[in-house]
Amino acid sequence: MSDDAAALAAFGYELGVLKRVRRAGWWHAGVRDPESVAEHTARVAQLAALIAAEEGADPARAAFLALWHDTQETRTGDLPHTVAGYLAKPDPRAITADQTAELPERSREAVRDAVTEYEAKESAEARCASDADKLEMLLQAVEYRDTGVRRVDGWIDSARTSLRTETARRVAEAAVTLSPLAWRDR
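Reminder that position 169 of the sequence shown reads as 169 in full-length UniProt numbering, one-by-one numbering, no gaps.
Hints in this document: simulated from the structure, not taken from any laboratory. Hints should not be assumed to be uniformly reliable.
With beta-carbon atoms standing in for the labels, derived distance ranges [as the list claims (entries may be wrong)]: (1) R169 / E39: 21 to 27 Å; (2) E143 / R164: 35 to 41 Å; (3) E119 / A53: 21 to 27 Å; (4) T161 / M1: 48 to 54 Å; (5) S2 / E109: 26 to 32 Å.
From the three backbone atoms N, C-alpha and C, an ideal C-beta is built for every residue, glycine too.
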C-alpha cells in the first residue's frame, strides 16, 4: 500500500466524521436532532452551483469551494456563534493545513486552495458559496419552523442580512414566503 493511498483513505475516514457532527446552533432553538454538517454541506454545494450559474460565475468551482467550507469541523465540532465571547474562532486555513499535511501534493493543494479562496470571499465563486452557506441555513430554519420549531427567526434574519449576491437575496425573499413543500405542487 502506498503512503499516498493511505493518506487519502485516512482523510476519507476523517471526512466521514462530518456525517456525525451535528449543527450545534439548532439545539439552542429546540431542535432535538439537527442536521449534520455533511447534510448541510451537500445542500450548500448544490445551492452554490445554482447561485453561481445565475450570477455568471463558475458553478463547478462554487460547488467545490462549498464542499470544503466546513470540513475543519471534524477537528473542532460545529461551534455556534455563542462561543465567540469565550473562544477565538480557529483559523480554517490552519486546520485545513493540518488535515491535509499527509496528502499527496495535488490533493493537498486543491483542498488548501479551495479553503483559502472560500475564506477570502474575493472571487465571485467564493461569494456564491458563502451566500449558499447562509441561504442553506435560512432554508433549514424555515423547514424547522414549518415543523413547529418556533425560535428560528434569528437565523432567518441573520442569513438575510448577510447575503451579498442578488440571486441569493431574491431566493431568500421567496423562500420565507413559500412552504417547504411548495416543490410538490410544481
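### Query
What are the numbers of the hints the structure violates, in ascending order?
2 and 5
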